[in-house]
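Trainee: These protein sequence lines map, in sequence, to chains A and B. The opening residue of the first sequence carries number 133 in my numbering; numbering runs sequentially from there. The opening residue of the second sequence carries number 2 in my numbering; numbering runs sequentially from there.
Since the hints were derived computationally from the structure, they do not count as laboratory data. Treat the hints with caution; some may be incorrect.
Claimed, not checked - No more than 30 Å apart at the CA atoms, straight line, and that leaves these computed lysine-lysine pairs for DSSO-like: (1) Lys171(A) x Lys154(B); (2) Lys228(B) x Lys311(A); (3) Lys139(A) x Lys269(A).
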Amino acid sequence: MAEYILKTPLTDADVQKLRIGDSVRLSGTIYTARDAAHKRMVEGLDNGQPLPFDIKGSLVYYVGPSPTKPGNVIGSAGPTTAYRMDPYAPRLMEIGMKGMIAKGKRNDAVKEAMAKHKVVYLGATGGAAALIAKCIKKCDVIAYEDLGPEAVRRLEVEDMPLVVVTDCHGGDLYIEGRKQYEVR
Amino acid sequence: MRTVKAEEVTEALAKVAVNANYDIGPEMLRAFDQALAAEKSEAGQEVIRQIQENARIARQECVPYCQDTGFAVVFAEVGQDVHVEGNLTDAINAGIRKAYTAGYLRKSILNDPIERKNTGDNTPAVIHYDVVPGDKIRLTFGAKGGGSENMSKQAMLKPADGLEGVKKFVLETVSSGGANACPPLVIGVGLGGTFEKSCILSKKAAMRSPFHRNPDPFYAALEDDLKESLNKLGIGPMGYGGTVTVLGVNIEVHPCHLVALPVAVNVNCHADRHGEVEL
Ligand code: SF4
Chain A
133 MAEYILKTPL TDADVQKLRI GDSVRLSGTI YTARDAAHKR MVEGLDNGQP
183 LPFDIKGSLV YYVGPSPTKP GNVIGSAGPT TAYRMDPYAP RLMEIGMKGM
233 IAKGKRNDAV KEAMAKHKVV YLGATGGAAA LIAKCIKKCD VIAYEDLGPE
283 AVRRLEVEDM PLVVVTDCHG GDLYIEGRKQ YEVR
Chain B
2 MRTVKAEEVT EALAKVAVNA NYDIGPEMLR AFDQALAAEK SEAGQEVIRQ
52 IQENARIARQ ECVPYCQDTG FAVVFAEVGQ DVHVEGNLTD AINAGIRKAY
102 TAGYLRKSIL NDPIERKNTG DNTPAVIHYD VVPGDKIRLT FGAKGGGSEN
152 MSKQAMLKPA DGLEGVKKFV LETVSSGGAN ACPPLVIGVG LGGTFEKSCI
202 LSKKAAMRSP FHRNPDPFYA ALEDDLKESL NKLGIGPMGY GGTVTVLGVN
252 IEVHPCHLVA LPVAVNVNCH ADRHGEVEL
């Protein structure tokens, strides 16, 4: 299990070297979106509208933060469960998204699209929301403000602690990691 | 008859709800220490260390431990010799409103399952009332995260399925959904009663400290036994593989019908936020 320091945007080469179980410290710009924002983005694409950010090489973080306390950059901001975004994720991979940050298992369609388009899925520790917020240095709402915690935000992150949970070579830590420790 | 003002209920509950969201409490911290000592996988240990650090930051900086500050669940044990001046249900909801607004907690409650408009203040709470002897009101608050709640299940087993059937159902529920529920988990099992009774018991169990065993030695042993079996599943912290999948299993039991064996499994995450107050 290697350790990597990654900066956004990600390239195919960045993604291809990552294997499940590797730990990653991520710095740079990432974008937040969850259920309602994904629905809007994909519906927009279907109607020929552009996305609210440059998707090429981007990482999308599935998060709906708690309200920001005065003086803080953002509220607590841990990952939400990823499977609800499975119907939308392949569409964003087709047009250049390189990474997803969330928690929990993905379906086969997502994993196949990840292998095809060279995309990595990074796990953030669910519930470690105050800790993760510390890595977020800047936060701007850039679209769908009416969605509240689900609005699309641009985040500047520094040393965000992540683990490769699904790589672009077909590896899935939720399957392989468990196999190592399961006592039958 | 003792009188308690509705406003007192509101104030006391608001405090408990904010505090539970900022401070995971000494018992969960002790459970995390034990989990770190027991966990064999490196990735799992790293997750637990992050959880411990997260708890420290949340408590020190008075920010939510998890961004999903949950559905407010309140078990209200109301003494039959206490009179509430005002409307108790309104007072409870006012307490939740105050906590979630003034405490910068996330509002996750929608007006209707189909229409799906945010109510804006995390109300209404889910309240379970119980009339008990005495002249006190005891409120037990839980902030129940949606991710772990979604992995919960209920089954009406056949009496012939027996104890083995119960164990199997608990194992299957955690085996299929556990990784998505932010393990290490606290598992609440409601056994017996009717369909709905088993679910309410499972919630009560999930909100109990993982260190408090069922007073009946048979069920206390079953709790330990299930914990051991669940930790053999290999799911581990955050599902990355490991030896600590659950911090504890709590069982609550009720008599049941001769043709029935209801069992409910309420899955709670490591963000097992609860607190209580007596008025
Ligand atoms: S399952 Fe629990 S720890 Fe995980 S995101 Fe939801 S509330 Fe937070």
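Trainee: Take the C-alpha atoms of Lys139(A) and Lys269(A), compute the straight-line distance between them, and say whether it is at most 30 Å.
Mentor: 15 Å, holds
Trainee: Checking one constraint from the list: CA of Lys171(A) to CA of Lys154(B), max 30 Å. Satisfied?
Mentor: Cα-Cα ~28 Å, so holds.
Trainee: Would you check the hint for Lys228(B) and Lys311(A), treating anything up to 30 Å between C-alpha atoms as holding?
Mentor: Status holds; Cα separation ~19 Å.
Violated hints for the displayed structure: none, as all numbered hints are satisfied.
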